[in-house]
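Take the sequences, apply the hints, and build the full model.
Take a look at the letters that make up each chain.
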Amino acid sequence: MKLEIEIADKTLSIDWEENDSIVKATIDGNSYELTLMSPTSNVYTLLFNNNVYELSVETNPLNNTVKVADKVFTTKVVDRRQRGRKTDSATSGTQAISAPMPGRVVQVLKNVGDEVKSGEGVVVVEAMKMQNELGSPKNGHVTTIKVKAGQTVVAGEVLAIIE
Amino acid sequence: MKLEIEIADKTLSIDWEENDSIVKATIDGNSYELTLMSPTSNVYTLLFNNNVYELSVETNPLNNTVKVADKVFTTKVVDRRQRGRKTDSATSGTQAISAPMPGRVVQVLKNVGDEVKSGEGVVVVEAMKMQNELGSPKNGHVTTIKVKAGQTVVAGEVLAIIE
Amino acid sequence: MFKKILIANRGEIAVRIIRACREMGISPIVVYSDADRSALHVRLADQAYYIGASPSIESYLSAEKIVNVLKESKADAVHPGYGFLSENAKFVQAVEQAGIVFIGPSAQAMEMMGDKIRARQLAKSANAPVVPGTEKPLESLEEALKVAKEIGYPVMLKAAAGGGGKGMRLVRKEEDLAGAYNIARSEASAAFKDATVYLEKYIVRPRHIEIQLLADRQGNYVYLGERECSIQRRNQKVVEECPSPINSAELRRQMGEAAIRIAKQAEYYNAGTIEFLADQEHNFYFLEMNTRLQVEHPVTELVTGIDLVKEQIKIAAGQPLSFTQSDIHLRGAAIECRIYAEDAEKNFMPNPGRITRLAPPSGPGVREDSGVYEGFEVPIYYDPLLSKLSVWAATRPEAIARLGRVLDEYAIDGIKTTIPFFKEILKQEEFIKGDLDTGYIERNWHPNKSDSTENKELEHLAALVTAIHHNINSKKVTTESNTTQKQSAWKLNVRAKGRGF
Amino acid sequence: MFKKILIANRGEIAVRIIRACREMGISPIVVYSDADRSALHVRLADQAYYIGASPSIESYLSAEKIVNVLKESKADAVHPGYGFLSENAKFVQAVEQAGIVFIGPSAQAMEMMGDKIRARQLAKSANAPVVPGTEKPLESLEEALKVAKEIGYPVMLKAAAGGGGKGMRLVRKEEDLAGAYNIARSEASAAFKDATVYLEKYIVRPRHIEIQLLADRQGNYVYLGERECSIQRRNQKVVEECPSPINSAELRRQMGEAAIRIAKQAEYYNAGTIEFLADQEHNFYFLEMNTRLQVEHPVTELVTGIDLVKEQIKIAAGQPLSFTQSDIHLRGAAIECRIYAEDAEKNFMPNPGRITRLAPPSGPGVREDSGVYEGFEVPIYYDPLLSKLSVWAATRPEAIARLGRVLDEYAIDGIKTTIPFFKEILKQEEFIKGDLDTGYIERNWHPNKSDSTENKELEHLAALVTAIHHNINSKKVTTESNTTQKQSAWKLNVRAKGRGF
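Chains A, B, C and D, in that order, give the protein sequences. Each residue of the first sequence is one higher than the one before, counting from 1 in the numbering used here. Each residue of the second sequence is one higher than the one before, counting from 1 in the numbering used here. Each residue of the third sequence is one higher than the one before, counting from 1 in the numbering used here. Each residue of the fourth sequence is one higher than the one before, counting from 1 in the numbering used here.
Derived from the structure by calculation, the hints contain no laboratory data. Treat the numbers as computed from the prediction; the structure is a model and nothing was measured. One or more hints might be untrue.
As the list claims (entries may be wrong) - Listed next, the stretches of chain C that the computed footprint assigns to chain D, with coverage defined by at least 3 CB atoms under 8 angstroms from CB atoms of chain D: (1) 21 to 29; (2) 403 to 409.
As the list claims (entries may be wrong) - Below, a sample of chain A positions facing chain C; criterion: calculated Cβ distance under 10 angstroms: (3) M1; (4) I14; (5) V23; (6) D28; (7) T40; (8) N42; (9) L46; (10) E58; (11) T59; (12) Q107; (13) G121; (14) M128; (15) T152.
The C-beta atom is built at its ideal place from N, Cα and C for all residues, glycine as well.
And the structure:
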């Protein structure tokens with residue numbers, strides 16, 4: 001089998017075959033022969049040159065988190081079918097304030113139209129008893145407020161837009 | 001939903017409906033309303049009259065093992081499509097010696113044709129460093145030996161037949 | 001002895017108390033909110049009563065609902081744990097009016113010590129040293145500015161009703177005081193329904209050292225050594241140890257005796273903790289008293305061999321202590337790490353969510369006090385404490401080595417936790433030398449200094465495992481999405497909710 | 001100190017030794033057979049070497065293969081654990097000839113004490129009491145019959161090379177001797193490659209009490225209290241405690257000093273255990289010496305605070321003991337339960353298979369030494385010991401109560417274990433009183449007296465859960481069987497094997 005994997009700012013091509021628990025792989029031109037077991041779902045134990053490696057994989061919508069020893073890698077399977085990547089649309093003058101974690105909006109400090117300085121608080125979100133004042137990413141003014149106090153928000157949800 | 005369940009030599013008819021975590025059931029004519037969660041696969045936490053019950057279910061080929069508190073129940077779903085049950089074929093004069101657990105045959109103590117008394121050793125099976133001498137279930141003679149020393153056997157496998 | 005105890009709490013401390021009840025032959029009864037329907041404390045209890053919506057204010061903080069459950073369940077006593085109603089004197093009164101035993105101090109002692117300002121006065125009258133600061137609540141921002149100028153920056157704002165770091169703010173410069181004052185009052189109000197704050201001199205590089213006390217209703221007092229709790233983030237402890245790396249037998253005796261003087265002055269009974277700040281010259285100052293079981297009680301239990309929760313219950317049942325000061329011996333060293341659902345790399349940002357894998361360590365010298373299990377959805381509503389991981393060993397260096405071993409064994413996937421942070425701390429020279437103070441994290445934790453050493457082999461293996469994992473799961477996903485449609489709405493509901501039916 | 005230690009074992013004891021290595025900064029290296037490819041000890045090691053097919057004789061019992069791995073891995077030392085090669089003097093010689101340190105006694109001391117008959121003679125010469133019996137191996141069944149008649153029935157047949165109950169048989173009547181003699185020889189031969197057996201007087205209602213020793217290479221000896229190991233099935237311990245319910249300080253001193261006399265006579269170093277039988281009048285007799293770490297060492301560690309595995313490693317590295325007899329204090333009480341994959345209802349029949357759920361207890365005073373994990377397929381080839389569950393508490397009654405609590409928390413599905421057996425034992429009056437002897441199980445365990453108290457409510461709930469579970473899973477099975485065909489042969493292979501790829 002063949003796949004391309006993005007890891008640590010590189011793209012590695014991997015060509016491998018499996019036979020029982022033996023995996024033979026060519027990774028970025030290097031040959032590997034190793035024993036691979038999965039003692040439990042999402043966990044892989046590798047024996048390579050008699051060294052033991054245990055890796056766990058968490059799959060997120062956009063990428064994977066692979067933990068091994070004390071290292072954490074973010075990896076991504078390159079999708080050949082994807083026609084040309086979307087580049088992050090240059091946000092020019094508009095920037096969003098979004099929730100860094102799930103939580104509840106405690107207070108909205110600004111109104112639409114208010115001027116704000118970079119770092120100045122706009123919304124206070126509470127999760128797990130901790131209040132986080134979320135500041136403006138730039139100098140500008142508030143064009144949109146999408147939430148109100150008491151509302152529950154999910155991670156990444158846009159709370160306000162600054163222009 | 002409706003099912004009949006065999007438990008403790010009884011057959012109970014169960015008629016239930018679920019709505020979110022609330023289960024309303026009629027069991028053998030008794031009405032129950034309870035909260036049911038499954039914190040992890042095969043484990044069910046029930047709240048009934050504010051009492052907490054945690055049950056685990058293991059499904060075997062023939063039946064289920066349900067553990068709750070220190071009780072262990074063997075349960076079975078009655079299959080309505082099954083046309084008349086097979087009765088255990090009366091084994092008349094012939095009885096088998098089968099392996100009570102997975103293991104390895106260490107020694108075959110008798111040959112085909114040998115006479116044996118009830119309880120007299122026929123095969124020795126070892127599992128987890130323990131040797132078990134499996135005796136004849138009756139007075140008779142050995143008609144078949146199906147295994148030889150060194151062979152691995154699974155639980156329930158027939159080792160010899162006595163007539 | 002009691003037959004039934006209601007535990008008015010959740011998470012790891014509810015589980016801890018359930019265990020004590022089980023071992024004493026007492027039936028444990030719990031309460032739960034919507035978010036906790038299948039929480040571990042519910043699963044382990046004999047009975048569980050629903051008390052309302054997920055926000056604590058509608059459930060675990062509702063004295064009225066808890067008292068109703070006490071009556072309905074016919075419990076003999078209530079254990080409040082820490083946090084929530086544990087330091088609410090009105091709750092104590094309501095419980096006692098219902099003829100039920102509160103496992104804790106008298107309402108009077110709680111009220112006296114719970115008010116940080118009265119507690120200071122009481123400590124002074126008990127001839128214990130205190131930190132310079134306001135003797136009464138701040139009336140206004142203007143007063144705060146004035147007092148702060150008098151005693152000199154840095155100063156610390158604190159909630160009068162507070163504890164656990166809520167409503168606390170360190171202010172280094174005059175221009176930061178206004179913002180901090182508002183946030184502290186807002187947090188205090190949210191956490192304790194009381195916005196009152198006061199102000200203290202901030203001692204430079206202080207150590208937080210506290211004395212564990214036990215006092216029975218017959219007037220017997222003992223101290224069970226100290227705990228060093230200097231490693232804090234947001235003024236909340238994250239690593240605690242017993243004994244303190246600095247404490248000599250003599251310093252321990254001085255602090256222990258001062259602590260007992262304070263507790264006696266308040267006619268205190270129950271387990272209790274007198275918190276001190278110690279400066280770099282090992283002078284110590286009374287900070288506050290916690291009139292309840294402390295989060296970090298396991299390290300004291302590991303070193304003294306005394307079960308604090310069982311002692312609380314026995315004291316509440318009217319039994320005198322079965323030992324005196326001379327029976328208490330410290331053996332070895334214990335360290336506790338608070339495993340929080342937080343991303344230490346991102347300023348300890350809370351990180352609630354589903355725990356997809358949970359493999360705690362075991363073996364010699366490990367104690368795990370957890371409130372969660374694999375598959376549990378950690379709610380957004382409560383404290384981020386998942387579990388307390390404690391180790392014991394014959395000496396502090398061995399305990400540190402053991403802690404390193406057990407942290408390496410500990411696997412949690414699905415949410416971020418403070419485990420990687422603890423692993424890093426353990427390697428730091430200041431920690432190993434025991435050179436601790438409450439600014440430790442600010443000074444020593446530099447999360448953005450990421451480990452940039454490249455390891456080609458690990459990268460290759462991680463990429464390979466990603467490929468193999470993708471290969472298995474892309475098949476699974478395809479087949480699952482094909483079959484999901486055939487499943488009942490009920491099953492979809494289970495799937496969507498993850499937990500619960 | 002060593003850089004790398006090879007652990008020539010598997011299961012919980014390999015994991016225990018890995019943990020000690022980690023805490024000492026030593027790299028742990030392990031070996032594994034086919035059945036153990038994804039065993040816990042492999043997962044936790046730094047390196048793992050394949051040594052052959054699943055039967056121990058082709059892997060863990062092969063001294064040659066282990067020595068080859070020692071050389072290949074450049075290990076400094078080898079820890080044998082217990083069982084397998086741990087009492088094989090020829091292995092010790094081969095290791096030492098390869099210039100590698102054996103973590104254990106000298107080959108000479110091992111050989112002397114390993115031969116039960118020479119050990120008896122040595123104990124006699126050390127002025128320690130011994131049980132009446134043969135002084136030399138039995139030459140024939142005829143000799144066995146003659147000796148047994150002389151000392152009187154009941155008698156005990158024992159493998160000269162043995163330990164752990166293998167090759168042991170109790171014979172109550174003359175007519176049972178022939179069968180027992182053959183089985184004992186066969187088991188001894190299979191387990192130790194040596195069929196030699198001998199014979200001893202069987203003491204009526206004896207207690208099995210053993211003394212833990214530590215001795216360094218400088219000739220310092222200490223005893224670390226005793227362990228009561230009277231609860232046995234098939235002459236193998238299942239419950240052990242420290243201290244013994246009967247042991248006074250004086251009896252402990254007498255036994256400890258006798259044990260040290262014996263060890264000194266053998267110029268023994270390493271951890272070691274002198275086993276005694278004690279009769280109903282508390283007379284004690286030397287039984288045998290185990291020249292290795294003992295399965296039940298955790299209870300001693302819990303009560304003395306001394307880490308026996310680390311001490312073994314330090315002794316092997318040539319370090320003198322860092323403490324003397326007067327530094328050793330027992331605190332509280334510890335009890336260990338051996339969680340075996342056995343069906344106690346069916347005469348403790350082995351019950352290997354896949355562990356579908358594993359939820360061990362935690363909280364205060366619990367120590368879990370496990371060699372398995374959820375999803376692991378327990379192999380048919382090895383000892384049925386899955387895990388050792390130990391508790392510590394301030395007193396024996398509290399330890400018993402705690403053990404009850406933790407056994408109730410412990411959930412294992414998929415295989416039968418001895419947990420239900422332990423729950424039952426704990427409730428028995430004789431156990432609570434500490435009235436133990438090696439016939440305890442035979443006398444007190446009546447598995448077929450099943451709990452016949454009907455509980456209609458539990459039956460109804462079990463039936464309901466069966467129905468709901470069936471309803472969910474019948475859908476799952478249907479969709480799975482539809483989709484399996486689309487999956488690759490590789491995936492099917494994973495599924496068939498369950499574990500491993």
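Structure-based check of each hint:
By the rule of at least three residues with a Cβ nearer than 8 angstroms to a Cβ of chain D, the coverage given for the segment 21 to 29 of chain C holds, with 4 such residues. Restraint check on the segment 403 to 409 of chain C versus chain D: 4 residues with Cβ-Cβ distances below 8 angstroms, three needed, restraint holds. Of the supplied interface hints, the one on A:M1 holds, with its beta-carbon coming within about 6 angstroms of a beta-carbon of chain C, less than 10 angstroms. For A:I14, the suggested interface contact is upheld, since its CB lies about 5 angstroms from the closest CB of chain C, less than 10 angstroms.
Annotation: interface hint on A:V23 holds; nearest CB of chain C at approximately 7 angstroms, less than 10 angstroms. For A:D28, the shortest C-beta to C-beta distance to chain C is roughly 7 angstroms, which falls under 10 angstroms, so the interface hint holds. Taking 10 angstroms as the C-beta cut-off, the interface hint given for A:T40 holds, the closest approach to chain C being about 7 angstroms. A cut of 10 angstroms between beta carbons decides the hint on A:N42: the least distance to chain C is about 7 angstroms, and the hint holds.
Residue-level restraint check for A:L46 holds (minimum Cβ-Cβ distance to chain C is 6 angstroms; threshold 10 angstroms). About 5 angstroms separates the beta-carbon of A:E58 from the nearest beta-carbon of chain C, less than 10 angstroms, and the hint is met. Against a cut-off of 10 angstroms between C-beta atoms, the interface hint on A:T59 holds, since the closest Cβ of chain C lies about 7 angstroms away. Because the closest C-beta pair between A:Q107 and chain C is about 8 angstroms apart, less than 10 angstroms, the hint holds.
The beta carbon of A:G121 comes within 9 angstroms of a beta carbon in chain C, closer than 10 angstroms, and the hint placing it at the interface holds. Of the supplied interface hints, the one on A:M128 holds, with its beta-carbon coming within about 4 angstroms of a beta-carbon of chain C, less than 10 angstroms. About 7 angstroms separates the beta-carbon of A:T152 from the nearest beta-carbon of chain C, less than 10 angstroms, and the hint is met.
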